[in-house]
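With these hints in hand, go ahead and build the complete structure from the sequences.
Protein chains: 2
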Amino acid sequence: MAARDFHHDTVKTALIKDGWIITDDPLILKIGTRNVLVDLGAEKLIAAERGAAKVAVEVKTFISPSLVNELEKAWGQFFLYNRILKKQDPLRQIYLAVERNVFETFFQEEVGQLLLEEPGFRLLVFDAKIEEIIQWKPQINS
Amino acid sequence: MAARDFHHDTVKTALIKDGWIITDDPLILKIGTRNVLVDLGAEKLIAAERGAAKVAVEVKTFISPSLVNELEKAWGQFFLYNRILKKQDPLRQIYLAVERNVFETFFQEEVGQLLLEEPGFRLLVFDAKIEEIIQWKPQINS
Chain A
8 MAARDFHHDT VKTALIKDGW IITDDPLILK IGTRNVLVDL GAEKLIAAER
58 GAAKVAVEVK TFISPSLVNE LEKAWGQFFL YNRILKKQDP LRQIYLAVER
108 NVFETFFQEE VGQLLLEEPG FRLLVFDAKI EEIIQWKPQI NS
Chain B
8 MAARDFHHDT VKTALIKDGW IITDDPLILK IGTRNVLVDL GAEKLIAAER
58 GAAKVAVEVK TFISPSLVNE LEKAWGQFFL YNRILKKQDP LRQIYLAVER
108 NVFETFFQEE VGQLLLEEPG FRLLVFDAKI EEIIQWKPQI NS
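Chains A and B supply the protein sequences, listed in that same order. Quick note: the first sequence, position 89, residue 96 per the working numbering, numbers continuous. Quick note: the second sequence, position 42, residue 49 per the working numbering, numbers continuous.
Hint data in this document are derived by calculation from the structure and do not stem from the laboratory. A portion of the hints provided could be inaccurate.
Same chains, same label: a pair holds when it works inside one copy or across any pair of copies.
Within a straight-line C-alpha distance of at most 20 Å, the following computed SDA-like cross-link-like pairs (lysine to any residue) qualify [as the list claims (entries may be wrong)]:
| # | residue 1 | residue 2 |
| --- | --- | --- |
| 1 | 24 | 71 |
| 2 | 37 | 74 |
| 3 | 24 | 76 |
| 4 | 51 | 36 |
| 5 | 37 | 117 |
| 6 | 93 | 132 |
| 7 | 144 | 73 |
| 8 | 37 | 125 |
| 9 | 37 | 95 |
| 10 | 94 | 127 |
| 11 | 136 | 42 |
| 12 | 19 | 112 |
| 13 | 136 | 113 |
| 14 | 24 | 89 |
| 15 | 19 | 39 |
| 16 | 51 | 76 |
| 17 | 37 | 139 |
| 18 | 94 | 126 |
| 19 | 37 | 89 |
| 20 | 51 | 32 |
| 21 | 93 | 60 |
| 22 | 94 | 139 |
What follows is the structure in structure tokens.
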């Protein structure tokens, strides 16, 4: 199983353990005539609900040799999807999901901190071994 | 000559015609221990000055089969570089440079408009045939 798919399923399991109901997998975003998530290799969004809270979760593995490249891609995707959701599904909040090891290493570096400091950015940290969510930044209310 | 290099030189010529002095080509951004622009295939930033105005110009060709993919990449790169410049060279403004045809087609679509509407985004439109800058959005003061 590819690392990408593995983490996708891990995050789904972690969300379910955390009391979420998976409503769409993948969540398809369309804008104008373009289907935003058709690209080969694009990570697929997971849509989930818990009580009144609705999220779209984008899982990123950060396994490429160029972590800065992956950061740029994650940055652009997060804010593009965020903008589309604001127009089409304004109550749904998008979160970027990264594994604990990635959060504790790359996201503690200065370059990773830049994304964490970007207004409107939201991160979900999961542990792949125990398949659980460690934290939501910012905390989610539901 | 690759399309990427071609447009890079075109934009340099257009800037010079517009009264700018090229000060760095490429402009190297470093953050923490990482050199942000070492990635193979990454477009290189052009640094230029005119009077008191300082810009960093990122040229994007939008020739990939997946324009949405290119948009995501451009989006992430623009705002990552923007954040680095805010810390390291706060008077320098970054602009994304796109060819007139790209501006008049893809950027008029709903998905392209999303980036144009993003707060803090700055675009430079050039004409590759006449090698001139058509517009700065927002207008640059110098």
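Taking the hints in turn, this is what the structure says about them:
1. 24 x 71: Neither. Shortest intra-copy (29 Å) and inter-copy (40 Å) distances fail the 20 Å Cα cut-off.
2. 37 x 74: Close across copies (14 Å), not inside one copy (28 Å); limit 20 Å.
3. 24 x 76: The answer is neither: 32 Å in one copy and 33 Å across copies each exceed 20 Å.
4. 51 x 36: Result: close within a single copy only, 10 Å intra versus 31 Å inter.
5. 37 x 117: Answer is between; shortest inter-copy Cα gap is 10 Å, intra-copy 34 Å.
6. 93 x 132: neither (23 Å within a copy, 27 Å between copies)
7. 144 x 73: Answer is neither: 24 Å inside a copy and 31 Å across each miss the 20 Å cutoff.
8. 37 x 125: between (25 Å within a copy, 18 Å between copies)
9. 37 x 95: within (9 Å within a copy, 37 Å between copies)
10. 94 x 127: Result: close both inside a copy and across copies, 15 Å intra and 19 Å inter.
11. 136 x 42: neither (33 Å within a copy, 32 Å between copies)
12. 19 x 112: neither (23 Å within a copy, 38 Å between copies)
13. 136 x 113: Within one copy only: 19 Å inside, 43 Å across.
14. 24 x 89: For residue 24 and residue 89, the Cα distance exceeds 20 Å both inside one copy (25 Å) and across copies (38 Å).
15. 19 x 39: neither (29 Å within a copy, 33 Å between copies)
16. 51 x 76: both (19 Å within a copy, 14 Å between copies)
17. 37 x 139: neither (30 Å within a copy, 35 Å between copies)
18. 94 x 126: both (18 Å within a copy, 15 Å between copies)
19. 37 x 89: within (13 Å within a copy, 28 Å between copies)
20. 51 x 32: within (7 Å within a copy, 37 Å between copies)
21. 93 x 60: So residue 93 and residue 60 pass the 20 Å test inside one copy only (15 Å; across, 35 Å).
22. 94 x 139: neither (31 Å within a copy, 35 Å between copies)
Checked against the numbered hints given earlier, this structure breaks hints 1, 3, 6, 7, 11, 12, 14, 15, 17, 22; the rest are met.
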